[in-house]
Structures are given as structure tokens and as C-alpha cells.
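Here the structure of chain A is known, so what remains is to put chain B in place on it, guided by the hints.
Each chain is listed here by its residues.
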Amino acid sequence: AQSVTQPDIHITVSEGASLELRCNYSYGATPYLFWYVQSPGQGLQLLLKYFSGDTLVQGIKGFEAEFKRSQSSFNLRKPSVHWSDAAEYFCAVGARSNDYKLSFGAGTTVTVRA
Amino acid sequence: KAGVTQTPRYLIKTRGQQVTLSCSPISGHRSVSWYQQTPGQGLQFLFEYFSETQRNKGNFPGRFSGRQFSNSRSEMNVSTLELGDSALYLCASSSTLENTGELFFGEGSRLTVL
Numbered sequence: 280a281q282s283v284t285q286p287d288i289h290i291t292v293s294e295g296a297s298l299e300l301r302c303n304y305s306y307g308a309t310p311y312l313f314w315y316v317q318s319p320g321q322g323l324q325l326l327l328k329y330f331s332g333d334t335l336v337q338g339i340k341g342f343e344a345e346f347k348r349s350q351s352s353f354n355l356r357k358p359s360v361h362w363s364d365a366a367e368y369f370c371a372v373g374a375r376s377n378d379y380k381l382s383f384g385a386g387t388t389v390t391v392r393a
Numbered sequence: 159k160a161g162v163t164q165t166p167r168y169l170i171k172t173r174g175q176q177v178t179l180s181c182s183p184i185s186g187h188r189s190v191s192w193y194q195q196t197p198g199q200g201l202q203f204l205f206e207y208f209s210e211t212q213r214n215k216g217n218f219p220g221r222f223s224g225r226q227f228s229n230s231r232s233e234m235n236v237s238t239l240e241l242g243d244s245a246l247y248l249c250a251s252s253s254t255l256e257n258t259g260e261l262f263f264g265e266g267s268r269l270t271v272l
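Respectively, the protein sequence lines represent chains A and B. In terms of the numbering used here, the first sequence opens at residue 280 and continues consecutively. In terms of the numbering used here, the second sequence opens at residue 159 and continues consecutively.
Since the hints were derived computationally from the structure, they do not count as laboratory data. No residue lacks a Cβ here, since even glycine has one placed at the ideal position from N, Cα and C. Treat the hints with care, as some may be off.
Keeping only pairs whose Cα atoms sit at most 25 Å apart, straight-line, the calculated SDA-like set for lysine to any residue is [said to hold, decoys possible]:
#	chain 1	residue 1	chain 2	residue 2
1	A	380	A	361
2	B	171	B	221
3	A	328	B	253
4	A	380	A	354
5	A	380	B	171
6	B	215	A	376
7	A	347	A	319
8	A	340	A	376
9	A	380	B	185
10	A	380	B	231
11	A	380	B	199
12	A	380	B	209
13	A	328	B	185
14	B	215	A	298
15	B	215	A	324
16	A	380	B	223
17	B	171	B	209
18	A	380	A	285
19	A	340	B	223
20	A	380	B	186
21	A	328	A	358
22	B	215	A	358
Chain B is faced by these chain A residues, among others (derived, beta-carbon under 10 Å) [to be verified]:
#	residue
23	308
24	365
25	369
26	383
27	389
28	393
The following block holds chain A by itself, in its conformation from the complex:
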């Protein structure tokens, strides 16, 4: 069965500093990978996705993620964090063999300090 691990439950970062959120997945075939962001009391918004091709993908709000097959990872990065990036971030994985049903990680809460 596919699974997703986000090792960091909570990360605090200073405004203007860089941010990296880790995501590891467990699945035999090449999965479809996603990062979602959730602001308090809101639904989940898609930041970016990887299906195939270039392993470095660009998303909205200045985020990017890199797929590393050898490490089964799909880490999310942002060079310079803004206070509005404070939110919870979820990594998700899907696969054709599982009817594309997404499995979500437990989430990483990002706090931005001034």
C-alpha cells in the first residue's frame, strides 16, 4: 500500500528565510505527487504536482518541489518565506493502480516569525 511520511510536524522559520518541507513516500511504481496548503479554517489548495518529466516542478506562490526517485522524496521549497505562508502543508501521493486515490501525509505546520 502507498504511504506518505512528513517527518516534521512543526517548523518555525523567520520571514525572508528559506523553507524546506520534507516528504517521503512508499510505493513501487512512479506515483503522482502533490503538495497542498491549508490556511486555518479553509480547504486545501493545490500548490504543485508532479506526474512525469522534469523532476523540478514550479508551483504557485513561489514554491517549487523536486522529485528524487532514488530517495523516494518530494521535498517542497521556497527561497524566501512571507508571513502569509504560515499554514499547514500536506504532501499526497496517488497511483494509477490504486484508482488514483490520494494518500495524505500527516501535515507540517509552518509558523513564520517576524
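Chain B only, in chain A's frame:
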């Protein structure tokens, strides 16, 4: 294009009551999934409907049920409410034409059980 719409956004019920939540997917999306989100358990998959048929089901008791109508709108019902059912219930739709598993989420229905 309108996004996923969930109603009601907030509701308060007492133990033993039942509740019905509604979800209107993005126009043209025929797959609707439901998730329960709580601080302790994170995002948990409830069920997925496609063309009025339940295609996938998570590990929830029979008190949780759903259905999908011919216009792809979906409802979920929770009977005999328990305190532990307090959660944010998220609906998501996806395009089976693209078939990647990418989910588009609504803002959720916040249920409080007293």
C-alpha cells in the same frame, strides 16, 4: 469556473442527532471524495463516488454514508452523532478525463457535536 461548494459551512449538533452535508463539485467533474479532518487523526478518507456509485470506501463505521446524484452533487450523512464526530468534513472533486487523482477541495463543513 466555480469551485467546489460545500454547505453548510458550520453547524452544531447534539449527540444522537444526524446530519447531512452537501457538496457541489466543479462543473464537469464526476468524481467526488469526502475526507474527515481532525487535529488528532489528520485527513482521513471517507469515501469516493463516481457516476452515482461508491467506488472507494475508507475505514469508517456504517453511521457514515453518502450518495451521489445524477448531476454529480454529493451528500454525506452521519447518523447517531458522537462527540468524536466533531471535525472538518472536506469534499473534493476530480476530473476523470485527466485521471491523475488531482483533487480540488471545497472549504469544508465544520461540524461540532455537543
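Verification of the hints:
no. : hint            : result
1   : 380/A <-> 361/A : violated, 32 Å
2   : 171/B <-> 221/B : holds, 15 Å
3   : 328/A <-> 253/B : holds, 15 Å
4   : 380/A <-> 354/A : holds, 21 Å
5   : 380/A <-> 171/B : violated, 31 Å
6   : 215/B <-> 376/A : holds, 16 Å
7   : 347/A <-> 319/A : violated, 30 Å
8   : 340/A <-> 376/A : violated, 31 Å
9   : 380/A <-> 185/B : holds, 20 Å
10  : 380/A <-> 231/B : holds, 19 Å
11  : 380/A <-> 199/B : holds, 18 Å
12  : 380/A <-> 209/B : holds, 16 Å
13  : 328/A <-> 185/B : holds, 21 Å
14  : 215/B <-> 298/A : violated, 35 Å
15  : 215/B <-> 324/A : holds, 23 Å
16  : 380/A <-> 223/B : holds, 18 Å
17  : 171/B <-> 209/B : violated, 31 Å
18  : 380/A <-> 285/A : holds, 18 Å
19  : 340/A <-> 223/B : violated, 37 Å
20  : 380/A <-> 186/B : holds, 19 Å
21  : 328/A <-> 358/A : holds, 18 Å
22  : 215/B <-> 358/A : violated, 39 Å
23  : 308             : violated, 13 Å
24  : 365             : violated, 17 Å
25  : 369             : holds, 7 Å
26  : 383             : holds, 4 Å
27  : 389             : violated, 16 Å
28  : 393             : violated, 26 Å
Going down the numbered hints, you'll see the structure goes against 1, 5, 7, 8, 14, 17, 19, 22, 23, 24, 27 and 28, while the others check out.
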